[in-house]
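Below are the chains, spelled out letter by letter.
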Amino acid sequence: MSAEMIQTSYREALREGIRDALKRDARVFLMGEDVGRYGGCYAVSKGLYDEFGPERIRDTPLSECGFTGAGIGAAMGGMRPIVEIMTVNFSLLALDQIVNNAATLRHMSGGQFNIPLVIRMACGAGKQLAAQHSHSLEGWYAHIPGIKVLAPATLEDARGMLWTALEDPDPVVIFEHVMLYNRTGQLAADAGPVPIEGAAVRLEGTDLSLVTYGGCLFKTLEAAGQLAAEDISAEVIDLRCLRPLDDATLMTSVAKTHRAVIISEEWRSGSLAAEVSARIMEQAFWDLDAPVGRLCTAEVPIPYPKHLEDAALPQVSAIVDAAKAVLNR
Amino acid sequence: MSIQEMTREAVAAAVLEELTNVAPDLAGEDIPEDADLRDEFDLDSMDFLNWITALHNRFGIDIPELDYPKLSTIGKAADYLGRG
Amino acid sequence: MSDLYRMPSLGSDMESATLIEWCKQPGERLAKDDVIAVVETQKGAIEIEVFHDAVMGKPLIEVGETVPVGAAMAELEGIGDGIEQAPSPPVEPPAPSGRRRASPAARRLAEARGIGLERLRGSGPEGAIRLEDVQRAVQAQAPKAPLPPDSKGTGLGMAAMRQAIAAAMSRSKREIPHYYLSHDIDLTRATQWLGAHNAELPPDRRILMAALFIKAVALTLRKFPELNGFDRDGQFEPSKAIHVGSATAIRGGGLVAPAIHDADQLELGPLMDKLRDLVARVRRGGLRASELSDPTVTVSSLGERGVDRLYGVIYPPQVAIVGFGTPELRPRVVEGEITPRTLVTATLAADHRHSDGHRGGLFLAKLAARLQEPETL
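Chains as they are written, first to last, in the numbering used here: chain E, 1 to 329; chain C, 1 to 84; chain R, 1 to 377.
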């Protein structure tokens, strides 16, 4: 790591990643709703329109199905498009393009066409955007063979995942949790591309494994700090890549700690947390000393009032309680 | 039965039995008649005294300390006791 | 008044023990020093005693369970109430119910180490056995695992004992600054006196030289309190009582040094009886907790095997060990003449934090003088 560090934010790190990609490769362009003149709904692309012009920072009509399909076509035609969908909620309008076309065309064409497309979208709750703008549906996407699904949580991953994703021959979907955009911290001045496979152990511990990703990572790390004060050594695993899952890192951790709690902002039923839990049971059953725990969002449409929204989502105190529960403490 | 009526084999068997009574950790060991009990089976002076005591009580024969060397093996002890 | 009976410590190196059997049933009266249970420790099967008159209450652990020192083993009733109170009704042990709940990790470890889940207590929800429950049991049995169980029926696990000796002796050599002295003692008179004494007695009343050594050491220690007691975190804690641990070798390896309590106050005959009894119980099992934990000093006699002298390693937290080699005829200058005399080399290894060589030398000289007057022992 470089000695020189800069103070930056998750949003700025994403922007640097996009700028870097635009500079590296003339085939790269960004398109989506309000990404150009307005600078992006979450201001990720602010300033890029002036820097790179309307050909490479393209505002699109309000038609997710249309511009996602255009992105797939551009990718088939040799470009390296970055499609920004304002939030995961609106991506449902583009599901047909993503699931039926992007994920399958390599297979359907007998390997003649691949889709080097990157789709970025905001996700998650916490900003009082109510039931239609707070979804965590990354587990749905992680269900689909043919695409890769990423959830950068740290500044390094926000900065470095995009270029690696663009180099991938197949579609990659990147989920950016809305509560992370304003998160600031130190990032190496020369930070660059990072691998888009493998989970990361963000904190080493011995008593239990806390498995999480995206918006819940920092809540989980805070909970681990509180647990440490009570002499409980929690290992925190950031999944980073939701498809494919890094089974090896998970099982290595569980073999050491014998206990796991999965923390995610999804609804519990049919969740990615369920998938992780099932894999641990399948592959590490004999290492387990307690049932795998899950802490997910309450199974209600995300409420608008602040106190109800907070109550619905996994919070630090609940993570601490869930960890203690599997430790029988 | 007095010792005079016993065969030498019976005396030797009784001598061995008393030995494994005082040293149960030797039960099951193959103890040849001519093996030196102290040297080969690590019998210490307390074990030896307890054994002499048991033989004295069983056969009613006095065994003075000066005679201890005459009972250094199962065979010698059987001969010693057999003489009455 | 009710109280809890807790696993006693039988030595500084003991961490836990496994219950082998309850010797008392709920409702039974217990007098102080009654044996309440037999436990398996690294030193073998040991009988443990109660410290008060009481009535046996509900057992809190089951046979086969391994618990740490200080863990509650049973309830005791009627302590300090006089013994006339009604005994409590017997308590039925809980009925076993089907398959034991155990986590996969606990089950795997238990199977790998050959530990029966049924003898473990579960600390998890609804009594489920968790990994740490099995790990505790593994720890308790660990030293025995690599070797076959002791086959001679002495009740003493050799590998476990080896480990206990290793732990105690390593600690001793690590922590205790030993000093060593040796002194040749003329045993001619003692040998003659003993021969004459035993000649008149049937074997069961004969006395061994070892008993004279123990008695002489105990009497001499009365004047040398700095050699009799315990080191407690660097502070010396003298003992008024003189309980002599008599090092007893076990055939096949290992040794124990159970106590002859108040050895300085016992006549030679009763002392010999105690010694005889201890050796017998070392051979077949049945040593008591207090006998292993109580010694205030140790006497080790390797005369059996013909060594000239032995330099002992102090058994912590004691502060001294007295060794005797083989008594044998050796040339000695007496009143200007070289004369054959029966000599024994006595040694002292003592803790230099609590005594000095000068006092140690005086001790050996006084011990030698004692042994010149065997009839006074």
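Please note that a few of the clues may not be correct.
[Claimed, not checked] According to the in silico footprint, chain E covers these stretches of chain R (three or more CB under 8 Å from chain E):
#	region
1	54 to 62
2	316 to 323
[Unchecked claim] Residues of chain C clear of chain R, computed beta-carbon distances all greater than 12 Å:
#	residue
3	T7
4	L66
5	K70
Simulated from the structure, these hints should not be mistaken for lab results.
All residues carry an ideal CB built from backbone N, CA and C; glycine is no exception.
The hints, checked one at a time:
Coverage of the region 54 to 62 of chain R by chain E is violated [criterion: at least 3 residues with CB-CB distance below 8 Å; count 0]. With 0 residues bearing a CB less than 8 Å from a CB of chain E, the region 316 to 323 of chain R misses the requirement of three and the coverage assertion fails. Chain R leaves T7(C) outside its interface by the beta-carbon criterion, the shortest separation being 25 Å against a cut-off of 12 Å. Interface exclusion of L66(C) from chain R breaks down, the closest Cβ pair being 8 Å apart, not more than 12 Å.
The non-interface label for K70(C) is consistent with chain R: the shortest C-beta to C-beta separation is roughly 14 Å, beyond 12 Å.
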